[in-house]
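Number of protein chains: 2
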Amino acid sequence: MAQQHLDPTDPTAGPAPTGDALAGYLRAQATEFLRALRQHRETGAAHGGTEDPVDAARALRRSVRRISGSLHTFRPLLEADWSEGLRPELAWLSGTLSMEHAYAARLERLLLALHRLSGAAAFPAQAAGVSAVVDAAAGGRDTPPADRGNLTVGAAKAGALLDRQLTLARTRAHSTALQALGSSRFHAVADTVAVLASEVPLTAVAHTADLRPHAAAAEERLTDAVAALPLVTAGSPYNAEALIHGLSPDPSPHPQDAPWHQVRLLLRLHRYAREALYGTKGPIDVRLLTAGQALDRHRDAAEAAAAAAAAARTPRIAPATAYALGVLHADQRHEVEAARFAFQQCWQKQTVSTS
Amino acid sequence: MAQQHLDPTDPTAGPAPTGDALAGYLRAQATEFLRALRQHRETGAAHGGTEDPVDAARALRRSVRRISGSLHTFRPLLEADWSEGLRPELAWLSGTLSMEHAYAARLERLLLALHRLSGAAAFPAQAAGVSAVVDAAAGGRDTPPADRGNLTVGAAKAGALLDRQLTLARTRAHSTALQALGSSRFHAVADTVAVLASEVPLTAVAHTADLRPHAAAAEERLTDAVAALPLVTAGSPYNAEALIHGLSPDPSPHPQDAPWHQVRLLLRLHRYAREALYGTKGPIDVRLLTAGQALDRHRDAAEAAAAAAAAARTPRIAPATAYALGVLHADQRHEVEAARFAFQQCWQKQTVSTS
Chain A
1 MAQQHLDPTD PTAGPAPTGD ALAGYLRAQA TEFLRALRQH RETGAAHGGT
51 EDPVDAARAL RRSVRRISGS LHTFRPLLEA DWSEGLRPEL AWLSGTLSME
101 HAYAARLERL LLALHRLSGA AAFPAQAAGV SAVVDAAAGG RDTPPADRGN
151 LTVGAAKAGA LLDRQLTLAR TRAHSTALQA LGSSRFHAVA DTVAVLASEV
201 PLTAVAHTAD LRPHAAAAEE RLTDAVAALP LVTAGSPYNA EALIHGLSPD
251 PSPHPQDAPW HQVRLLLRLH RYAREALYGT KGPIDVRLLT AGQALDRHRD
301 AAEAAAAAAA AARTPRIAPA TAYALGVLHA DQRHEVEAAR FAFQQCWQKQ
351 TVSTS
Chain B
1001 MAQQHLDPTD PTAGPAPTGD ALAGYLRAQA TEFLRALRQH RETGAAHGGT
1051 EDPVDAARAL RRSVRRISGS LHTFRPLLEA DWSEGLRPEL AWLSGTLSME
1101 HAYAARLERL LLALHRLSGA AAFPAQAAGV SAVVDAAAGG RDTPPADRGN
1151 LTVGAAKAGA LLDRQLTLAR TRAHSTALQA LGSSRFHAVA DTVAVLASEV
1201 PLTAVAHTAD LRPHAAAAEE RLTDAVAALP LVTAGSPYNA EALIHGLSPD
1251 PSPHPQDAPW HQVRLLLRLH RYAREALYGT KGPIDVRLLT AGQALDRHRD
1301 AAEAAAAAAA AARTPRIAPA TAYALGVLHA DQRHEVEAAR FAFQQCWQKQ
1351 TVSTS
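Protein chains in written order, with our numbering: chain A, 1 to 355; chain B, 1001 to 1355.
Any given hint might turn out to be false.
[Said to hold, decoys possible] Computed footprint of chain B on chain A; a stretch qualifies when at least three of its residues, placed anywhere within it, have a C-beta under 8 angstroms from a C-beta of chain B:
| hint | segment |
| --- | --- |
| 1 | 152 to 163 |
| 2 | 232 to 246 |
[Unchecked claim] List of simulated lysine to any residue pairs, SDA-like, C-alpha gap at most 20 angstroms:
| hint | chain 1 | residue 1 | chain 2 | residue 2 |
| --- | --- | --- | --- | --- |
| 3 | B | K1349 | A | P237 |
| 4 | A | K349 | B | P1237 |
| 5 | A | K281 | A | A16 |
| 6 | A | K349 | B | S1236 |
| 7 | A | K281 | A | R65 |
| 8 | B | K1349 | B | R1297 |
| 9 | A | K349 | B | Y1238 |
| 10 | A | K281 | A | E32 |
| 11 | A | K349 | A | R287 |
| 12 | A | K281 | A | A21 |
| 13 | A | K349 | A | R271 |
| 14 | B | K1349 | A | S236 |
| 15 | A | K349 | A | R268 |
| 16 | A | K281 | A | R268 |
| 17 | A | K349 | A | T233 |
These are calculated hints, taken from the structure and not from any lab test. Nothing here was measured: the structure is a model prediction, and the numbers come from that model. Positions of the beta carbon are idealized from the N, C-alpha and C atoms, including for glycine.
Build out the structure end to end from the sequences listed, making use of the hints.
Put into structure tokens, the structure is as follows:
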């Protein structure tokens, strides 16, 4: 539980934040949602604005996550019917809007990994970065250079295959997101958020209610979930746990990843709860951010590993392609393990320094 | 340089060991060679002895390495013609005798890794250990069970392929070793070692010469080679260095492994030099042993990774087999990285505690 401190830079110092602070936070996020939506429409329609539609989409997802998270953490302070109606709609929107970016990021991660695994000399145009991999991949498919080993052609073909599959998935996700943004379902959500930007449906007692027990409960859910993680194993480098089911018959997702994904979500809810209590302008808790980045990396690597495994199940691929995808899968599962280690190191520091 | 100490358990205490100590050490190793050779012939011929021919072969290799190493480290103290004539013969013998064991150990390492990567539930008879993997692999080749995913069949087929290739290599190495032991070349080596067991050809001044400068030079060569290793990188867990050329066109061995292999050999020479100076009955330097074990693991994992990559170049293998071999290759390259980390940790402790 938060206590009164004497440190003037401590964001938890001062009077207890109440429902009014929550209302202010929700109004700000709703306003941000509307701004991002307007920007997204302008940049998406004109194709000539100075602002990036990717930035607008990111800002949209950001605000949706924060509104959704606050509805969850501070549920008893908000009108139940309104809140229960909006939450699944925000979840739908957040899921729909995030897919395109996720596929693009996954492809970039996998092509960078292929590039790294192929060594600097493997691709002549390596200085050009990722695009060189894609070019080499496309080239390797048609005219495999005689002076390259079989496995490098495999890496090139694996890159080309992943490029095809994930670009297709991204294109589909883009269409789905555009359709969603034009749907009556979306317009209903946007209308609700537009109202939220001026009027937050708090319950009668919420205006003066103390936010801290709700935020503390969110933190406790996080702490409990972290306590259930295998942190002793994760803190022992090269424990080889993440790849342990690398060739198991059960395809992704790995069951061992689920508790880490759950902690990632709970960490985010905890972070948003702190924002609602103490504002977004206060000092950032770097350790929370670092822990969150480790869990993002964990999630991204796990999904990239699954994408490599899925690509390997494509019918009629060459053995060299499959071999490269196997190396890539294992590489990303080791990234999963590395991310767990990073989280453990960060979390341990946090626990020690705040005790 | 070793100095006089007061600690009575310190093996370096007491008068300086001279060429006579070296002669005693070489006589003892030559006697051990002859004993192991006799044992190897008896167990190999009768197939009914109480002693294992594998143990005899190991003892033979052990003594050959020690004689060979001593000839190298204490070269100026031994008759040049004799020493220069014997050294290449011992290297030939050591190489020839080690191959069979190396292939057997490599196969066992790879099948254990496949078993681990397939998860506990992948093979029904997992309690039976490695042989279950081989059985499942053989079974999977003919009748792939319907309830297993493609990749588990891949793991089984990869296991069967490695089993065929490495068993064949081991059988050939066994024949080669038997032929070598029956050759006139070998009999000439055995005769030389038989003479060594009673009479060591020291130079005129060697009997009273101090062994310590020669041992110190061996230690210095080790220290210099360790100083040239990328230990800062190795000490940072999950640095992803070992797999960096995992898909490069240049097949094994990885150039980055060579300095580590070199340190492994120099560490061994240092250990044998200590034995020559202070005897084999004294207290064992556990840290030297641990460092040596980490480097053995490094070498074994590097060679296992190369074997998996080589198996993946077998024509006409199924994509699922190639995928499993890719995962296996990456897994063993991560073992390489883990071994470097283990060496770094061990060496750092050593440096700190003896400084």
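Here is what the structure says about each hint:
| no. | hint | verdict |
| --- | --- | --- |
| 1 | 152 to 163 | holds (count 3) |
| 2 | 232 to 246 | holds (count 7) |
| 3 | K1349(B) / P237(A) | 17 angstroms, holds |
| 4 | K349(A) / P1237(B) | 17 angstroms, holds |
| 5 | K281(A) / A16(A) | 17 angstroms, holds |
| 6 | K349(A) / S1236(B) | 17 angstroms, holds |
| 7 | K281(A) / R65(A) | 18 angstroms, holds |
| 8 | K1349(B) / R1297(B) | 19 angstroms, holds |
| 9 | K349(A) / Y1238(B) | 19 angstroms, holds |
| 10 | K281(A) / E32(A) | 15 angstroms, holds |
| 11 | K349(A) / R287(A) | 8 angstroms, holds |
| 12 | K281(A) / A21(A) | 13 angstroms, holds |
| 13 | K349(A) / R271(A) | 18 angstroms, holds |
| 14 | K1349(B) / S236(A) | 17 angstroms, holds |
| 15 | K349(A) / R268(A) | 19 angstroms, holds |
| 16 | K281(A) / R268(A) | 17 angstroms, holds |
| 17 | K349(A) / T233(A) | 17 angstroms, holds |
Of the numbered hints given earlier, the model fails none.
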